[in-house]
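Engineer: The primary structure of each chain is shown beneath.
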Amino acid sequence: NAGVTQTPKFQVLKTGQSMTLQCAQDMNHNSMYWYRQDPGMGLRLIYYSASEGTTDKGEVPNGYNVSRLNKREFSLRLESAAPSQTSVYFCASIRASGSSLDTQYFGPGTRLTVL
Amino acid sequence: AQSVAQPEDQVNVAEGNPLTVKCTYSVSGNPYLFWYVQYPNRGLQFLLKYITGDNLVKGSYGFEAEFNKSQTSFHLKKPSALVSDSALYFCAVRDRRGNTPLVFGKGTRLSVIA
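Those protein sequence lines, which keep their order, are chains A and B.
Just so we're aligned: 108 in my numbering is position 108 of the first sequence, and the numbers increase by one with no gaps anywhere.
Just so we're aligned: 28 in my numbering is position 28 of the second sequence, and the numbers increase by one with no gaps anywhere.
Mixed in with the good hints, there may be bad ones.
Taking lysine to aspartate or glutamate pairs in the EDC-like style, the calculated list, with each CA pair at most 16 Å apart, reads [stated by the list, open to error]:
1. B:Lys106 with B:Glu8
2. B:Lys106 with A:Glu79
3. B:Lys106 with A:Asp26
4. B:Lys77 with B:Glu66
5. B:Lys22 with B:Glu8
6. B:Lys77 with B:Glu8
Quick caveat, the hints were computed from the structure, so don't treat them as lab data.
Owing to the predicted nature of the structure, the values given are computational and were not obtained by experimental measurement.
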């Protein structure tokens with residue numbers, strides 16, 4: 001049971017390049033999230049998928065796209081990377097059964113630098 | 001709209017002393033409240049949460065948090081700090097209504113000095 005996994009762990013891009021960050025969870029969770037973490041800014045929600053087949057914008061969606069490929073996988077794509085997208089990206093998931101016992105779990109993060 | 005404030009960017013405490021990391025929240029209705037911890041170069045780990053019932057919630061690693069509805073606060077506490085507690089701590093809130101995402105505070109860096 002690996003929990004939430006993310007690939008790659010590190011990435012360096014040049015301005016204008018594209019890339020996809022991959023996230024997978026093996027906990028049969030319904031909802032998945034992408035956050036970015038910047039110094040002094042905490043975690044800000046980029047996009048989320050409340051259930052398979054749905055996606056919604058979060059607080060900072062500009063410059064990103066997402067795909068909920070299946071129940072396990074939720075990818076984040078940068079079509080044309082900009083230096084402002086230099087950040088640490090975290091994927092998270094939660095069962096979202098409506099139970100108060102549900103807890104959100106995080107992946108280890110992807111550290112992205114855009115030159 | 002939901003929001004979380006962590007008024008201190010940094011908290012320093014001597015090993016063995018009690019620690020408090022502050023959090024206040026704003027949400028319509030009754031909240032679910034959470035604390036997460038992040039160690040260097042790691043993802044966030046769940047510490048504890050308040051759902052309902054007893055205002056004092058106990059969590060992992062000897063941490064506890066007190067829910068105060070009148071002050072809209074959910075401060076994280078530990079009676080005796082360890083050097084290994086040094087990390088970045090995040091408070092988060094979620095509305096009880098529906099499946100809404102967590103909203104995080106900006107984080108508080110805790111340094112425990114030997």
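Engineer: Does each hint fit the structure? Answer for all of them.
Structural biologist: Outcome of the hint check:
1. For a cut-off of 16 Å, the pair hint linking lysine 106 (chain B) to glutamate 8 (chain B) stands: about 9 Å separates their Cα positions.
2. About 28 Å separates the Cα atoms of lysine 106 (chain B) and glutamate 79 (chain A), which puts this hinted pair outside 16 Å; it is violated.
3. Between lysine 106 (chain B) and aspartate 26 (chain A) the CA atoms are separated by roughly 29 Å; this puts the pair beyond 16 Å, and the hint is violated.
4. In summary, the hint linking lysine 77 (chain B) to glutamate 66 (chain B) is supported, as the alpha carbons are separated by about 8 Å, within the 16 Å threshold.
5. Only pairs whose Cα atoms come within 16 Å are accepted, and lysine 22 (chain B) paired with glutamate 8 (chain B) is accepted, the gap being roughly 7 Å.
6. Note on lysine 77 (chain B) and glutamate 8 (chain B): the hinted pairing holds, with a Cα-Cα distance of about 14 Å set against a maximum of 16 Å.
Checked against the numbered hints above, the structure violates hints 2 and 3; every other hint is satisfied.
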